[in-house]
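*Asks:* From first to last, the protein sequence lines are chains A and B. All letters in the first sequence, in the order written, are residues 1 to 500 by the UniProt record's numbering. All letters in the second sequence, in the order written, are residues 1 to 242 by the UniProt record's numbering.
No lab work stands behind these hints, which were simulated from the structure alone. Do not rely on the hints blindly, as some may be mistaken.
Lysine-lysine pairs mimicking DSS-like chemistry, simulated, CA-CA at most 30 Å apart [unchecked claim]:
no., chain 1, residue 1, chain 2, residue 2
1, A, K408, B, K183
2, B, K183, A, K41
3, A, K103, A, K208
Now for the letters of each chain:
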Amino acid sequence: MSGTFVGMPAFPTAAREALGDTQLRRNLAHATRTIRDKRAKVVAEVEEWEELRLAGAGVKEAALRDLATHLETLEDSLTRAGATVHWARDAEEACAIVASVTKAQGADEVVKVKSMATQEIGLNEALEADGIAAWETDLAELIVQLGEDLPSHILVPAIHRNRAEIREIFRRRMGAVGRPAPDGLSDEPAALAGAAREHLREKFLRAKVAVSGANFAVADTGTLVVVESEGNGRMCLTLPEVLISVVGIEKVVATWADLDPMLRLLPRSSTGERMNPYTSTWSGVTPGDGPQEVHVVLLDNGRTRALADDVGRQALRCIRCSACLNVCPVYERVGGHAYGSVYPGPIGAILNPLLNGVTDPQTASLPYASTLCGACFEVCPVRIDIPSVLVDQRAAVVDSHRDDRIPKPEAVAMKGAAWTFSSARRLARAEQASGLAGRVLGRFSRTTLPGGQAAAGRLPGPAAGWTSARDLPAPPAESFRAWWLRTNGGTDGGQDGGGS
Amino acid sequence: MRVALQITCVNDAMFPDTGKAVVRLLRRLGVEVDFPAAQTCCSQPMVNTGYLDEAVPVVRAYVDAFSGYDAVVTPSGSCAGSVRHQHALVARRSGDPGLVAAVADTSPRAYELSEFLVDVLGVVDVGAYFPHRVTYHPTCHSLRMLGVGDRPQQLLENVRGIELVDLPHATECCGFGGTFALKNADTSVAMGADKARHVRDTGAEVLVAGDNSCLMHIGGMLSRQRAGVRVMHLAEILAATA
Ligand code: SF4
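One chain only, chain A, in its complex shape (with noise of 0.2 Å):
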């Protein structure tokens, strides 16, 4: 019941969509401001924090650099503990497999913790098809289910509604899918998380089986840790009578100990909390208390394919707080659904490329979605490098296009600039043209820049990309390096030359 992504423009088109929308672009705005002042905030009080990211990303750099004997440990204390560890290399695989265990309790119905993993392999679409109805249970998820939605945000998936439509969405489609929403429901934040909390309750109680994510996978202790904030999680994960839980091959840590930088890292960089409200954690099954069958789906899907680019890798550490989608300029004004997927911003704009290919033009666009300011870098709390990334994807996107038989506009240009820019003489000529250009479309021009310089005007082409909201300057008559030419550094009378 709920959207897909399938078909999305390339992010350019998208995003001019989303820049239109009024509402959303306020709603953006004032969220991820203030969660990022939250952050800011939180971050500070913490004098060591940038020992303490380094020790983030020294655990995830471990664990990922001896993958293969990490999981390995990691299925032997699972299923010592009494857990059925499964494998999936792809969505189709990790949905079948949860598929055939929830039929195999008879059961038609699961309750769910908000889990990427899962939206990322289209999972209640996928139980949906096979007549299995999958209950969202986080407030946020609720709401994007309900609204037949896409989520626009890792942590705050319906950031881009705000309170009146949230009551809407609840009063038209709570009742066809259970308890409908109370009468003269009121748009009050606490009205709305009332009436969710009373929607839910009889399916908690009602569901044999439970589906969630993991947020950490400790291999020596056969340890899932699910790390929330309204306790849905915790009823999801003790209640119903069996858990499967899917989780990426990368959310594994090699020790319980590894847990500390991580579990201090985490709330203060997603939510701007100094502790997290609710942390569960499981290893395998426990007689007489919670879920007494256990399964777990470990999900490649893209995975080891990402491991193996040298430069990429580092977006595996990614433990998905969100908070470089919090900080980047271009999410807070397109928001999430520009990036046609369930990882949207800066962790997106590398993550989809590097686990699916840049074959598509939709992920191919994505390394793009970026002005490289760095600010998702700076506050990343595993220090993935993502600028560098993105560089680095850009140049899997060229390189994707070297055999085209009709090469890219873009390509010839830049092919040209080279030519032009490893030769000083070269770029001496093309700069005398330009400055020639410049004197043509300066005196078309009516306008003149503040400060005296001549407009371009409207310029054709790709330029009209820029002057069609931009002044440009029209290049000047004599550039830098002929001046110094001709005036000897500026020593030969027009000393500073400067001016203006």
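Using the hints, position chain B with the ligand against chain A.
*Replies:* Chain B with the ligand only, in chain A's frame:
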């Protein structure tokens, strides 16, 4: 100390006054700069668009032009960042150990103007006079790639007559981003509009920054809006005298 000026391709062709200001400023401080005529571009336009192979000959041209200098000063945080952080990557891609070694030698000697003044020359008061209301935008690459910190502000604070006002949300990107400004023109303009609004809110008559590319974008917006604000490179203000 042999000091070379790396003018950057954008300044060379579009904003020669910035380079002239650097020359004038450094000369006043007793530093004679060379302008190696063989220089072209730092290669950033190719690298940041993903054309790494195309960047190789450009990086080669850089090391040919600038090897042998004790310091290379450039009026651009972005180009200094490219030299310091991307040249090694391009050299590795070339597979040429000679280029890798050459880059290891030239890259660390690249300085953005404010770094050169404060760290190498050890001056924060350059004897400038500029009696105007000014606000400063710290460009992303100078701030986060190079870490110039508050060096530009230190230099500006010591300018006589200047009325320096804080820019709200100063550290937010202006939306230029090189080819981003064309590939994602709509988003770029949306970001630029917010930056221009913050600039206007200061009531400044001059917006100053250490990079003409970002200024071309913000200034282009301000000019289109007839905002009555002009943009100037840091070098131009520091070079100004009574
Ligand atoms: S990339 Fe870093 S900042 Fe972004 S979600 Fe992942 S861990 Fe958080």
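*Asks:* Could you run down the list of hints and mark each one as holding or not?
*Replies:* Against the structure, the hints:
{"no.": "1", "hint": "A:K408 / B:K183", "verdict": "14 Å, holds"}
{"no.": "2", "hint": "B:K183 / A:K41", "verdict": "35 Å, violated"}
{"no.": "3", "hint": "A:K103 / A:K208", "verdict": "11 Å, holds"}
Hint violations for this structure: number 2 only, all remaining hints satisfied.
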